[in-house]
Amino acid sequence: MRRFAYLRPARLEEALAAAAEPETAWLAGGTNLVELMKRGVARPARLVDLAGLEDLATITPLAAGGLSIGAAVRNADLARHPVILRDAPILAEAVLSAAAPQIRNRATTAGNLLQAPRCAGFLDPGAACNRRAAGSGCAARGGDGRDAAVLGATEACIAVHPSDLAVPLVALDARLRVAGRDGERTIALGTLYGADGASTLPPGELVRAVLLPAEAAGFAGHARYLKLRERTSFAFALVSAAAALRIAGGRIVAARVALGGVAPRPWRPAEAEAVLAGAVPTDALFRAAADAALAAARPIAENGFKIELARRVLVRALTLALRGTPARVPALAASPFAPAGEGARHG
Amino acid sequence: MAKVPVQFTLNGSEKAEFVESGATLLDVLRDKIGDTSPKAGCRQGTCGSCSVIVDGELRLSCLTLAETCEGASIVTTAGLAEGGVLHPLQRAFMDAFATQCGFCTPGMIMAAKALLDRNPDPSRDEVVEAIAGNICRCTGYEPIIEAVLSAARSNSISAA
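Chains as they are written, first to last, in UniProt numbering: chain A, 1 to 347; chain B, 1 to 160.
Looking at chain A on its own, in the form it has when it is part of the complex (with noise of 0.2 Å):
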């Protein structure tokens, strides 16, 4: 691992002044960069820890409504933090169906957000690689596809964003505050990536915190987070999907979607909540959304299976969606393809 300069200030103003330095990167959780370091992928000169800025671990209401969840927050405690589990429980189904216990101890809001792709040419620095070095070719190309989108890929780079949580905080629009040396400014979650899904954050910005609109909460009581995974635990997706229904008088009034696993960003299908707003949800519904938000997927070597699977893990997630937001989180998974039980619902 080269050496680096290792900080922990204690201000802002000073984490900001300390990133103006070259070759600097944030640590948070450490989980994705130590790896990263270890492996040579990631070569900073400068970490600037951020343990030291305690109102970057803290979530509060916003004057106008909704959340501020801040940077820093550990995956653990945004899961089981209960104005969370109130007003945007889909956020801890979505943590809690990533990684491990002693990950989500560790990792944090933003550093989820803006983790590096689990793409094998991208961890290999002795691979072709566009994303990690522009221009040096891209040894996906050459594979099975099993970790490349079908949706949004580029000339440049195929693999897929590896989040949970910006699953759902771009399906519930969800927005960042993000400070800088000249000040802070707002924008939108879904701005943050760009097309090949590396952050469009310029060097020295350092995400504060990410916004929940006051609006989001009125989809809690329908809105859940379903993960398609290898194994039942401790696995990326293959395919994920946020669903979330604003529901009155039998009616669809509105919907929010977003898929993961499927494409280099958090893919937000427009086309499959313009099919469900105002409709009566039944199952045809669900199947022409599902088909409106992967009517573009285009597969790439092998991972044909995933445009499929995606369709159904949509449908299925508007289904349990629909049956309402169960009270609890389980500790465990349950298969999405096991009978959805009571439903019983939420709030």
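Hints in this document: simulated from the structure, not taken from any laboratory.
Check before you lean on any hint, since a few could be wrong.
Partial selection, computed: residues in chain B whose CB lies under 8 Å from chain A [stated by the list, open to error]:
| no. | residue |
| --- | --- |
| 1 | Gly-22 |
| 2 | Gln-44 |
| 3 | Ser-51 |
| 4 | Arg-59 |
| 5 | Leu-65 |
| 6 | Thr-68 |
| 7 | Gly-71 |
| 8 | Ala-111 |
| 9 | Ala-130 |
| 10 | Gly-133 |
Idealized CB from N, CA, C, for every residue including glycine.
Got chain A sorted already, so can you dock chain B onto it with the hints?
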């Protein structure tokens, strides 16, 4: 770049070490202090064999930079026995034949301790979830789950 001084508490005793830039807590525990109870398995955060408890929280020592542990309180499996008497979890793992090669055992015991410290009466699913980040390559999960449930039962009996 000079070595960096780090002070922390390990199983109740004060430690002060000079660490290299980039050294992990796992490196320092095993190679500098000589506590080899945390195991170096994958070194990439995917096997759980290096699990330790830092400030009451289950962590992967292979992904924890030693420099970030200044002032921390660290517990490893080597620190669980008191006065030569094994911790109830260690006893339960022996009684349930929950070790085969033994490599995953200290990480499993740390994960189980972290669970029982905050949830003394876990369900079977909660035990499974708590050790989801710990891999056993001898396929011994069933006796491990039984051992953790048995330790929880014996704790609640002795507490009653």
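Against the structure, the hints:
Among the interface hints, the one on B:Gly-22 holds; its C-beta lies about 4 Å from the nearest C-beta in chain A, closer than the 8 Å criterion. For the restraint placing B:Gln-44 at the interface with chain A, the shortest Cβ-Cβ distance is roughly 5 Å, inside the 8 Å limit, so the hint holds. Hint status for B:Ser-51: holds, given a least beta-carbon distance of 6 Å to chain A, under 8 Å. Of the supplied interface hints, the one on B:Arg-59 holds, with its beta-carbon coming within about 6 Å of a beta-carbon of chain A, less than 8 Å.
Below 8 Å, beta-carbon pairs count as interface contacts, and B:Leu-65 has one with chain A at about 6 Å; its hint therefore holds. The interface hint given for B:Thr-68 holds, since its Cβ lies 6 Å from the closest Cβ of chain A, which is under the 8 Å cut-off. The criterion of a C-beta within 8 Å of any C-beta in chain A is not met by B:Gly-71, whose closest approach is roughly 11 Å, and the hint is violated. A cut of 8 Å between beta carbons decides the hint on B:Ala-111: the least distance to chain A is about 7 Å, and the hint holds.
Taken as an interface hint, B:Ala-130 checks out: its beta carbon lies about 6 Å from the nearest beta carbon of chain A, inside 8 Å. Annotation: B:Gly-133 was flagged as interfacial toward chain A, and the flag holds, the nearest CB pair being 2 Å apart, inside 8 Å.
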